[in-house]
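Undergrad: The chain contents come next:
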Amino acid sequence: MAIVTGKQVGLTGNSAIAYAMRQIDPDVCAAYPITPSTGIIEEFSSYYADGQVSTELITVESEHSAMSACVGASAAGARVMTATSSQGLALMWEMLYIASGMRLPVVMTVVNRALSAPINIHCDHSDSMGARDSGWIQLYSETVQEAYDNLLQAVRIAEDPRVLTPAMVCMDGFITSHAVENITLLADGEVKGFIGDYKPGRSLLDTDNPITMGAMTLQDVYMDFKHEQSMAIAGAKEVVVEVGSDFGRRFGRHYGLMECYRLEDAEAAIVVLNSAAGTTKVAVDELRKKGKKVGLLKPRLFRPFPYAEIAAALKNVKAVCVLDRADSMNGFGGPLFSEVRSALYGLASVPKVMGRIFGLGGRDYTVEHSTAVFEGLYRIIETGRMEELTGYLKS
Amino acid sequence: MKKEKEGERDVPPGGVIREAGSAHGYSTGGWRKLRPVVDSEKCTNCLICWVMCPDSAVVVKDGKMIGFDLEHCKGCGICAAECPDKVKAIKMEEEG
Numbered sequence: 000m001a002i003v004t005g006k007q008v009g010l011t012g013n014s015a016i017a018y019a020m021r022q023i024d025p026d027v028c029a030a031y032p033i034t035p036s037t038g039i040i041e042e043f044s045s046y047y048a049d050g051q052v053s054t055e056l057i058t059v060e061s062e063h064s065a066m067s068a069c070v071g072a073s074a075a076g077a078r079v080m081t082a083t084s085s086q087g088l089a090l091m092w093e094m095l096y097i098a099s100g101m102r103l104p105v106v107m108t109v110v111n112r113a114l115s116a117p118i119n120i121h122c123d124h125s126d127s128m129g130a131r132d133s134g135w136i137q138l139y140s141e142t143v144q145e146a147y148d149n150l151l152q153a154v155r156i157a158e159d160p161r162v163l164t165p166a167m168v169c170m171d172g173f174i175t176s177h178a179v180e181n182i183t184l185l186a187d188g189e190v191k192g193f194i195g196d197y198k199p200g201r202s203l204l205d206t207d208n209p210i211t212m213g214a215m216t217l218q219d220v221y222m223d224f225k226h227e228q229s230m231a232i233a234g235a236k237e238v239v240v241e242v243g244s245d246f247g248r249r250f251g252r253h254y255g256l257m258e259c260y261r262l263e264d265a266e267a268a269i270v271v272l273n274s275a276a277g278t279t280k281v282a283v284d285e286l287r288k289k290g291k292k293v294g295l296l297k298p299r300l301f302r303p304f305p306y307a308e309i310a311a312a313l314k315n316v317k318a319v320c321v322l323d324r325a326d327s328m329n330g331f332g333g334p335l336f337s338e339v340r341s342a343l344y345g346l347a348s349v350p351k352v353m354g355r356i357f358g359l360g361g362r363d364y365t366v367e368h369s370t371a372v373f374e375g376l377y378r379i380i381e382t383g384r385m386e387e388l389t390g391y392l393k394s
Numbered sequence: 000m001k002k003e004k005e006g007e008r009d010v011p012p013g014g015v016i017r018e019a020g021s022a023h024g025y026s027t028g029g030w031r032k033l034r035p036v037v038d039s040e041k042c043t044n045c046l047i048c049w050v051m052c053p054d055s056a057v058v059v060k061d062g063k064m065i066g067f068d069l070e071h072c073k074g075c076g077i078c079a080a081e082c083p084d085k086v087k088a089i090k091m092e093e094e095g
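Keeping their order, the protein sequence lines are chains S and L.
The first sequence begins at 0 in numbering that gives the first Met the number 0 and counts up one residue at a time.
The second sequence begins at 0 in numbering that gives the first Met the number 0 and counts up one residue at a time.
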């Protein structure tokens, strides 16, 4: 713990997540350290060593083992958490699908970092975007406060009997994980009251009610399982809204599916995830002072993707730029772009939508970049022509 | 999960099977190419076949080996191979 001023505490993203994990006090945490998420488990280990949590901390030999241990512990009925980044998430790959397919509500913090090669330890979203189809709920966090609040809510969302699906909370490597921000922490009792006890509907350790998990399914039922899983994840959207409202009622910080910043009357808008949204807000404020009607849409929930709500929020905008901090490597633009653009297709009057890849491997995204994007959008509005539909942001 | 239309099945979330021993209801006998046949004249009821059978398909009653559960026997031949050399009461025969 660091600087305390009144109710405000200066904490890095990693420290805030470790603090939240101490308050959640999961039954099991299996983890393997990797930059830039290392600080989370490092600090959580201190809480463990000091006897401040009752968690079983399993120090494993790889992230593949970390997620395997999480799967086993969750199947046994434990409340389970972990954290990772980049190559660590990549090494968890096959287990991600097993956790989601078996409907195990594991909660994981992903501190976003670029994927090798070339090796790079800094922020982009290649890691979590690569896992977007793994059946995990994904919440994105602009600030340390949002990362802290999202993690607490993720526990409730994942464990909701209507959902029972693992969830990852994403925040930007170094930019959020290592920068100190003033945040408001909840009291331990408030956290306990909000998340409640985890009452698993089934447990491998319940010998009075023996069950089988992970059984083979073939052509006759596999597809039915996937359909059931898909519908449960789709239903998570409603639960995210419910849990976000309850969080707001209790603690005064309200959360929904996305944040719309000065978007109501906007002609030009940027759609972007995580910390870059903060930078964009500064550009929006500066341009608004000059009379430009600009705004921002920051999705909070990316999986399940709230396509109808995003389309409704952007329906009156004339031109949109979707900024992706990950390249689909010759998909149709970045992942956020292609989904947002697809979501808008059904509108009666479709805004012009361009996509730009930015900030890979920690490349800076400044207010000037953001302003230049808005200027580009105004050129499209004025001329009706889009010169480059998708591409890399010049920086 | 509610059935959306005819032909869709209700499935338990996560593929959990809540009924113990339900594998018994799954017939694997159709996988068999060779069928074990016991010569009860030669069989000494040592029950090594019962111990070694990976599918619990050797049927034992009152301490005596009385035959095979052909609903579950996959015809692997382990019983025939494990039957002691002095006895060799089990032969594998082609399924008809």
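Rather than coming from a laboratory, the hints here were simulated on the basis of the structure.
No residue lacks a Cβ here, since even glycine has one placed at the ideal position from N, Cα and C.
Watch out, some of these pointers could steer you wrong.
Which residues of chain L face chain S? A partial, calculated answer using Cβ under 10 angstroms [unchecked claim]: (1) V10; (2) G24; (3) A79.
Pairs of lysine to any residue residues, derived as SDA-like cross-links and limited to a Cα-Cα distance of at most 25 angstroms, are as follows [said to hold, decoys possible]: (4) K73/L with K191/S; (5) K191/S with I97/S; (6) K32/L with Q218/S.
Undergrad: Please go over all the hints and tell whether each is borne out by the structure.
TA: Cross-check of the supplied hints:
1. V10: 5 angstroms, holds
2. G24: Hint violated; G24/L Cβ to chain S Cβ min 12 angstroms, cut 10 angstroms.
3. A79: For A79/L, the interface hint is violated, since the closest Cβ of chain S sits about 27 angstroms away, which is over 10 angstroms.
4. K73/L with K191/S: 53 angstroms, violated
5. K191/S with I97/S: Violated, at roughly 28 angstroms.
6. K32/L with Q218/S: Satisfied, since the Cα-Cα distance of roughly 23 angstroms is no more than 25 angstroms.
In the structure shown, a violation is registered for the earlier hints numbered 2, 3, 4 and 5, in ascending order.
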